[in-house]
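Enquirer: Sequence:
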Amino acid sequence: MNTTQTVDTTIPITIRVNGGNLAVHGSEQMNEAQIISALGSRQEDGAYHVGGHAVLRVPARSALNLEGIISEGAISNVREVMLESVAGNLAVNRVGRLAVADDLHGNTVLRHINEALTLNAVHGNVAARRLHSMHADSIYGNLAVSEVSDAIQIDHVMGNVALDKIGPSAHFDQIDGRLALNGPLADDGNYQFIVKGKVRLRVSGNVHFVLHTPGAVRFGEGIEGGQNEDGEWELFLGARENAARVDIESDRDVEINFPFAHSWNAFSMGPEFEESMAEMRRAIDEVKETVRNNFAGEEGAFLFGQSGDWQRMGENIGQSVQAIVNDFIDSLRPQPVSRRRTEPSSAPSGDELQTVLKMVEQGEISAEEAEKLIDAMS
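Numbering (our numbering), first residue to last: 1 to 378.
No lab work stands behind these hints: they were computed from the structure. Note that the structure is predicted; figures quoted are calculated from it, not measured. There could be a bad hint or two in this list.
[What the hints assert, rightly or not] The calculated label-pair distances, taken between Cβ atoms and stated as ranges, are: (1) T118 x D230: 15 to 23 Å; (2) G68 x D176: 30 to 38 Å; (3) G231 x N114: 42 to 50 Å; (4) N228 x E147: 34 to 42 Å.
Beta carbons are placed, not taken as given, at the ideal position from N, Cα and C, and that holds for glycine.
Take these sequences, add in the hints, and give me the full structure.
Expert: In structure tokens form, the structure reads like this:
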């Protein structure tokens with residue numbers, strides 16, 4: 001039988017989960033919290049045991065302690081979350097502080113985390129946006145990070161890495177795949193990458209690049225410097241005083257603001273990444289569907305006041321997750337780089353135009369991107 005229980009929110013709410021899907025949503029308007037679960041029960045120690053799928057609605061000021069293993073999780077708009085482990089996919093949006101005790105075993109989407117974030121191992125892909133800072137031991141899939149205000153420290157990424165608009169410090173001890181770095185770099189910033197795959201940078205600001213690679217090094221206008229007798233590349237963009245320092249060791253080619261923009265559109269996280277993100281959307285939709293099936297009709301009206309409230313909450317969670325995932329899939333294709341024109345140049349060749357048209361046909365770039373690309377090649 002489904003139950004509704006009032007929770008004391010002056011202390012952290014402890015939920016013990018045993019393998020079910022869990023959706024948590026904080027509301028600014030709520031004055032009390034309700035746990036809705038087919039197996040929900042409050043124990044003498046004050047914890048709530050959830051054995052199946054559950055939806056938890058809490059005031060946005062709440063702090064949560066989620067014990068046990070969650071199958072699939074969606075958490076949004078709460079002050080603090082202490083999380084033990086997630087067996088499947090996890091989506092977190094608008095949380096003040098997130099702490100994870102154990103490994104995460106699926107794909108993970110993180111957005112709007114206000115305080116420093118530390119993860120152990122993540123056995124899937126990670127997409128993160130608008131974080132304070134991030135540290136992780138190992139990421140077994142691909143990593144896409146955008147809009148981080150402070151440091152990023154990742155020990156090992158086994159897939160590709162895409163970084164956009166990051167803070168003053170980034171250290172990656174090992175990237176097994178490729179690296180794409182986009183956006184302005186902070187003065188006096190420090191960025192270190194050891195990469196097995198190709199590296200493509202599209203950055204701005206005052207930057208000092210130090211490169212170690214047996215592959216080719218290509219760079220665009222405005223970058224000065226070259227290779228010394230020891231084989232090390234030392235390049236400069238903008239002013240040298242207070243310049244950010246970027247150290248890169250790569251086994252493959254390195255491109256920095258390279259003018260042939262079509263090479264950027266060729267960079268992709270691969271079909272596996274997009275499919276795994278689609279799997280995450282499907283998993284969170286299952287949580288939403290479970291709520292819809294379990295709390296329909298008169299019972300839903302009794303629990304929530306109006307029968308549509310629970311459904312809107314579930315749909316909002318699902319839409320929030322889908323928007324986050326879509327944002328990252330879109331952001332993985334950097335915009336073309338335009339060259340400054342100092343003198344007239346020839347039009348692109350027929351082969352170049354055919355290449356651009358083929359990219360449009362295959363959906364790799366939009367018509368607007370193709371127009372900019374052709375302009376950059378002219």
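Enquirer: Each hint needs a verdict: does it hold in this structure or not?
Expert: Hints versus structure:
1. T118 x D230: 15 to 23 Å: The hint (15 to 23 Å, Cβ to Cβ) is violated, given that T118 and D230 are roughly 37 Å apart.
2. G68 x D176: 30 to 38 Å: holds (32 Å)
3. G231 x N114: 42 to 50 Å: holds (44 Å)
4. N228 x E147: 34 to 42 Å: holds (36 Å)
Violation of the numbered hints given earlier is confined to hint 1; every other hint is satisfied by the structure.
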